[in-house]
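A.B. asks: One letter stands for each residue in the lines below.
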Amino acid sequence: MDIKKLLLRNETVLIFAIIIFSLVIGSKSPEFFTLANLFDILRSSFVQLLFALGVLIVIISGGIDVSFPIVGIFSGYTAVIIMQKLELNPESLFIPIVLAVLIGIALGGFNAIAIAGFGIPTLIATLGTAGIFRGVMLSFIGASFISDIPIGLDKFSTADLVKFESDAGTLVRLHVLVIPVAIITILVALLLSRTIFGRSVYALGGGTEPTRRLGISVKRTQAKIYMLVGGLSGLAGILYVSLQRKANPYDLAGSELDVIAAVVLGGASIMGGYGTVFGTVLGVLFINMIKNNLVLLGVSSSWQRAAVGVLLVIGITIQAISENRKNKRQKSASDSEVA
Amino acid sequence: MMNERASKFSTAGLLADRKVTQLMAFTAFTFLIFSYFSSDIFFTPENFISMAYQVPEIAILSIAVMLSMLTGGIDLSIVGISNASALIASYIMTQKMSEEGAISNSWILIACLVGILMGLLCGAINSILIAVLNVTPILATLATMTLFNGIAIGITNGVSVSDLPEQFMRIGNGTFFGVPSPFILMLIIAGFVGYLINRTGLGLKVFLIGTNRKAAQYSVMGDRKVIAWTYVISGLLSALAGLIIASRTSAASPDFGNSYILLAIVIVVLGGVNPMGGFGTVTGVVLATIVLQMVSSGFNALRFSQFFYLAAQGGVLVLVMILNAVLEKRRISKSINKSLGS
Amino acid sequence: MARVKISEYSVENIVKSFGGAKALSNVSMSVSGGEVHCLAGENGSGKSTLIKIMSGVHAPDSGLIRLADKEFSELSPREAVREGIQVIFQDFSLLPNLTVAENIALPTYIFENSRLISKRETKKIASEALDLIGVDIDVSSSVSDISIASKQLIAIARATNLGVKMLFMDEPTTALTRKEINRLFTVVNQLKKRGVATVFVSHKIDEIQEICNTITVLRNGEVVADGLMKDFGPKSISKAMTGQDVSTTRIAPPLKLAKKRAVEVKQLTSKPTFTDISFSVAPGEILGVTGLLGSGRTELAEAIFGKYPVDSGEVIVNGTKIHLNSSRDALAAGIGYVPPDRLTQGLFLEQSILRNLVAVGIDQYRNRWGQLSQKNLTSAGGKWITDLKIKTNNSKNPVTSLSGGNQQRVVLAKWFAINPHLMILNGPTVGVDVGSKREILEIIRDRAKNGMAFLVVSDDIPELIQICHRILVIKNGKISKEFSESELSESALYKELN
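Chains as they are written, first to last, in the numbering used here: chain A, 1472 to 1810; chain B, 179 to 520; chain C, 68 to 565.
Calculated directly from the structure, the hints in this document are not laboratory data.
It is possible that some hints are incorrect.
Subject to a maximum C-alpha distance of 25 angstroms in a straight line, what follows is the list of computed PhoX-like cross-link-like pairs (lysine-lysine) [to be verified]: (1) A/1797 x B/392; (2) B/392 x A/1799; (3) A/1797 x C/89; (4) B/507 x C/463; (5) A/1695 x B/392; (6) C/545 x A/1799; (7) A/1799 x C/89; (8) C/338 x B/512; (9) C/374 x A/1799; (10) B/512 x C/458; (11) B/512 x A/1690; (12) B/507 x C/119; (13) B/403 x A/1797; (14) B/507 x A/1799; (15) C/119 x B/392; (16) C/458 x A/1797; (17) A/1799 x C/542; (18) A/1690 x C/119; (19) C/374 x B/403; (20) B/512 x C/89; (21) C/186 x A/1695; (22) C/374 x B/392; (23) B/512 x C/119; (24) B/507 x C/89.
Partial pick of chain A residues on the chain B-facing surface, computed with a CB cut under 10 angstroms [to be verified]: (25) 1515; (26) 1585; (27) 1589; (28) 1598; (29) 1606; (30) 1608; (31) 1609; (32) 1610; (33) 1655; (34) 1658; (35) 1724; (36) 1768; (37) 1769; (38) 1773; (39) 1781; (40) 1788.
Just so it is clear, CB atoms sit at the ideal spot from N, CA and C, and this is done for glycine as well.
Modelling step: build the complete structure from the supplied sequences, incorporating the hints.
C.D. replies: The structure is reproduced here in structure tokens:
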């Protein structure tokens, strides 16, 4: 791969952006470069990354999913409620996680029926299902805030891999989640690049009809995609409940913007067919780095969303300009088929 | 590239009209159902009047979504724009009031004009991204939605601006010859947009561009300009809706109506607008708004929770899309059977 | 791939109807391994249905499918692939966001129901497949960066990789230059040597004659002719396809050369596609432009219309220089353009005939107060429907209710409505049934008689000879020769093209 192409890749630009922003923030406030801060950025990224991996898969396939945060909180909240109602072992970590993932898959199945089964455009379908899920949850499952979540989940929020006090007296903690999340990230990356299912996801993003002609079942692939996203979202949801140490059914709604921003900034094309796990990881880290450290720049946290908005607008503008330039060049190139 | 003779008679051209009549029947049906099940609360003049106050802002927002959908795109930033416009107008009004104790009508007018300008500005930003830079509408308006909402939250710190001047509140809560003022405003706006899309060159271009952008480009109709105008007008409509909301609730907040985007999309889809572009009517959208408002009010009267209404919105959206898909499949298989399959 | 034993692939007495309409009646066709068979026919002849039946997309109502020594009454797509039947469609069905290697190798993995995929193995499979047909393309490159001709070869490599025994190629040379066509034919000959039965679906008579051994001609769902290629000539094939001796006499109207040129093109250049193009067209003159695809002919046409970027040169309409690179200015100056792909570029399929008719220059239908006058629209629509004899009973019907020929008339009318000085037509009769083809040429002639200048870009030489006063041949982005009225002859033109 020639150097120029490498430099122009989205991921590279993002790495540069991360470095530049780190230097800017760090120069104003050296606290940025502490281990405590870095680990904090990681901690706030775990849940988002899991959501983002799911969104990445959907976006590569040419669709978009805005229901995932609701799927997440629905799964997490319902898992807790089931555990309480059925008086399941509160110390178990395994049970709520499995419950949440299964619920997430089921909800994803709902999306699958709408999208794969009936061919409803993905934005509209998931907008609708988000409403249904949220409405059903708040109407029938419960609208109350649960602060006494099962002990196992509660304890997990302080399960640190690394924990010590720094010289400055601050607590430096790296949550144990870094390991499973890293593993899942790698697994998703392998799934996308080394399995037929993964290649089918990319194929779908390249075109529905050519994919069908290759012998790939479009419907089955789509169904698997949305159920996989559901499962990932369910996992993210229950982990969120654990890390927050509360199950609040009103949480997570509205967070789809940050996640989608991270995936788009990470280089996934909304038209489908392109996107990498590496880029998504960078995107999530970048967004969280900015959000968490606005304070260090002297900006109040109420500007977090605006910051994401600005980054997103800049990001899509850059992507659009380079896309337009590529199209102009390609037009002349492909027509220069001089005999 | 080869084409065969499809069915000689097809309803596509008339479909718009048929959908409106179907919708009228459906509206009447919904009305009867709720009136029957809740004759004491739903079927009262107070309720109808209250609905008449709440329908306009949503109808106007839905018409904004309809416009962008007609060109084959979508404007997800309508709520962000409406809140931003409401906030800036309210800010001006409350500032003036705190400075001088009272506020003149001309200053209220100025505040509203600034709010409208804000809407045009936001619409223009959308237009630049979509028409000039060729960003996909979903992505562009998702980004601007985040941006507008974010700036509003940042500036207000999440706190709403309230205690708006009484004269301003009269717009959202008063009547004009016995009819609620916002309703009149809605009719005027609906009439204007209806005129725009059905009786002007711009409107015809909107339909054509939404049907086949490439062919529109080859027919040299200034497609980019038309799309740019669409998002600017959508911004304008969103601003008007925002002002009406502020006037009615006497407050402007950065996070108001977050669920309105779903509601607007349910309404336009129910109202017969084709999500892929090219077809739709203002009448349909207004009727659909009334239907949804009746559902909301009816649910309320029947003591269903607001979350049930949310689930119902999602359910209606998914059901209508499924219905459309099924009917379309049937229409296509019928016409395939009529044509030679070569 | 080991040499395949010579087998026969045939269909016998296939009957297929859709709804009430008969697509195929008693069609039988037979192709041997190692043979290149031409399947010829106009639109609506049943070609696509036959292909779909053989590739398992449709099931015949009755009849037999014989593949080597097996018999089937119907096939599923998977069975068809298993028996070695592959179809290469006009769009090649390649995925632009994947690499060449993956495009070639993926079907193999899918067919074998594999779960995992290895990059190295993919590359190996792809390289071997390409070697097999004697083609050299970098397998790691992305398909979106590759020329159309190469894409086609990749599609063929993909087919051979799946062990193809009978390969259908649907209009394979549409987008190829002469050089690329030669390359394709070399590959087809390779397939021939390996015993693959190739079915070449095409209506390009000169090419068919060059590469095919045998031929079957379909018309209206029936086999009207078949046999050895050498027993057929262009006239007999054409007559079999169309069923009529369509008049091919010249109908270009007599030309009174006006002093003023309608359009002058001076040294129009767009590197590297075409350079220094200069010519002029008089009012009422019909100038033909031809050249193999890739010669720059389409780009030239679009450039004059402002749709293709131009580096330098001049375009002068009625004495006034127009701004280059602007379709708006071209339109305002009086240039119209009928694009080659009617369905995606020329029509708004779901909209009414009326709306399609008025799509250009919408503003001219405004009334005194600036609003769009329904009356003006409907009367204009009615006028064009009558003028161009568009067969419909209601202009509110969707344009999809029209036949191909009538749809083309709609596109023509749309542009005639602004009364351009110069009408550029790119492939005006492509995909139009035979009767309509002649009538469209007559429409062009009648407009020319009234002073409209025409630039007709086409690769249909016989048609150009019928209607044009002069013909320009474009080669390698330059005008290689201008044929005046007296010099027009098919053989001379073909010779110049090659």
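A.B. asks: Hint by hint, say whether it matches the structure.
C.D. replies: Hints versus structure:
Using a Cα cut-off of 25 angstroms, the hinted pair residue 1797 of chain A and residue 392 of chain B holds, with the two alpha carbons roughly 19 angstroms apart. Our distance criterion of 25 angstroms between C-alpha atoms is met by residue 392 of chain B and residue 1799 of chain A, whose separation comes to about 16 angstroms. Among the hinted pairs, residue 1797 of chain A with residue 89 of chain C is inconsistent with the structure: their alpha-carbon atoms are about 48 angstroms apart, more than 25 angstroms. Proposed proximity of residue 507 of chain B and residue 463 of chain C is supported: the alpha carbons are some 22 angstroms apart, at most 25 angstroms.
The suggested pairing of residue 1695 of chain A with residue 392 of chain B is violated, with an alpha-carbon distance near 34 angstroms, which exceeds 25 angstroms. A distance of roughly 23 angstroms separates the Cα atoms of residue 545 of chain C and residue 1799 of chain A; the hinted pair therefore holds under the 25 angstroms criterion. Proposed proximity of residue 1799 of chain A and residue 89 of chain C is contradicted: the alpha carbons are some 47 angstroms apart, above 25 angstroms. For the suggested pair residue 338 of chain C and residue 512 of chain B, the alpha carbons sit about 50 angstroms apart, so the restraint of at most 25 angstroms is broken.
Taking the CA atoms of residue 374 of chain C and residue 1799 of chain A, the gap is about 12 angstroms. The hint holds against a cut of 25 angstroms. A C-alpha spacing of about 22 angstroms is found between residue 512 of chain B and residue 458 of chain C, which places the hinted pair at or below 25 angstroms, so the restraint holds. Taken as a hint, the residue 512 of chain B and residue 1690 of chain A pair is honoured in the structure, with Cα atoms around 23 angstroms apart against an allowance of 25 angstroms. Taking the CA atoms of residue 507 of chain B and residue 119 of chain C, the gap is about 21 angstroms. The hint holds against a cut of 25 angstroms.
Between residue 403 of chain B and residue 1797 of chain A, the direct Cα distance comes to roughly 23 angstroms. Compliance with the 25 angstroms bound is thereby established for this hinted pair. For a cut-off of 25 angstroms, the pair hint linking residue 507 of chain B to residue 1799 of chain A is broken: about 38 angstroms separates their Cα positions. Pair hint residue 119 of chain C plus residue 392 of chain B does not hold up; C-alpha atoms about 29 angstroms apart against a cutoff of 25 angstroms. Among the hinted pairs, residue 458 of chain C with residue 1797 of chain A is inconsistent with the structure: their alpha-carbon atoms are about 44 angstroms apart, more than 25 angstroms.
Taking the CA atoms of residue 1799 of chain A and residue 542 of chain C, the gap is near 24 angstroms; set against the 25 angstroms cutoff, the hint holds. Between residue 1690 of chain A and residue 119 of chain C, the direct Cα distance comes to roughly 22 angstroms. Compliance with the 25 angstroms bound is thereby established for this hinted pair. For the proposed pair residue 374 of chain C and residue 403 of chain B, the alpha carbon gap of about 17 angstroms is at most 25 angstroms, so the pair holds. With a C-alpha separation of about 16 angstroms, the suggested pair residue 512 of chain B and residue 89 of chain C falls inside the 25 angstroms cut-off, and the hint holds.
Pair hint residue 186 of chain C plus residue 1695 of chain A holds up; C-alpha atoms about 23 angstroms apart against a cutoff of 25 angstroms. Restraint check for residue 374 of chain C and residue 392 of chain B: the C-alpha separation of about 12 angstroms stays at or below 25 angstroms, so the hint holds. In summary, the hint linking residue 512 of chain B to residue 119 of chain C is supported, as the alpha carbons are separated by about 19 angstroms, within the 25 angstroms threshold. Distance hint between residue 507 of chain B and residue 89 of chain C is fulfilled; the C-alpha atoms sit about 22 angstroms from each other, no more than 25 angstroms.
Checking residue 1515 of chain A against chain B by beta carbon gives a least distance of about 18 angstroms; that is not within 10 angstroms, so the hint is violated. A distance limit of 10 angstroms between C-beta atoms decides the matter here; for residue 1585 of chain A the minimum to chain B is near 6 angstroms, and the interface restraint holds. Because the beta carbon of residue 1589 of chain A sits about 5 angstroms from the nearest beta carbon in chain B, less than 10 angstroms, this interface hint is met. Because the beta carbon of residue 1598 of chain A sits about 6 angstroms from the nearest beta carbon in chain B, less than 10 angstroms, this interface hint is met.
Below 10 angstroms, beta-carbon pairs count as interface contacts, and residue 1606 of chain A has one with chain B at about 3 angstroms; its hint therefore holds. This hint holds: residue 1608 of chain A has a C-beta 8 angstroms from the nearest C-beta of chain B, less than the 10 angstroms allowed. At its closest, the beta carbon of residue 1609 of chain A sits 4 angstroms from a beta carbon of chain B; the interface hint therefore holds under the 10 angstroms criterion. A hinted interface residue such as residue 1610 of chain A counts as satisfied when its beta carbon comes closer than 10 angstroms to some beta carbon of chain B; here the least separation is about 4 angstroms, so the hint holds.
For residue 1655 of chain A, the interface hint is violated, since its Cβ never comes within 10 angstroms of a Cβ in chain B; the closest pair sits about 26 angstroms apart. At about 28 angstroms, the closest approach between the beta carbon of residue 1658 of chain A and any beta carbon in chain B exceeds 10 angstroms, and the interface hint on this residue is violated. Taking 10 angstroms as the C-beta contact cut-off toward chain B, the hint placing residue 1724 of chain A at the interface holds, the least distance being around 8 angstroms. Hint status for residue 1768 of chain A relative to chain B: violated, with the closest Cβ pair at about 13 angstroms, above 10 angstroms.
For the restraint placing residue 1769 of chain A at the interface with chain B, the shortest Cβ-Cβ distance is roughly 13 angstroms, beyond the 10 angstroms limit, so the hint is violated. Residue-level restraint check for residue 1773 of chain A holds (minimum Cβ-Cβ distance to chain B is 5 angstroms; threshold 10 angstroms). A distance limit of 10 angstroms between C-beta atoms decides the matter here; for residue 1781 of chain A the minimum to chain B is near 6 angstroms, and the interface restraint holds. For residue 1788 of chain A, the interface hint holds, the least distance from its beta-carbon to any beta-carbon of chain B being 6 angstroms, beneath 10 angstroms.
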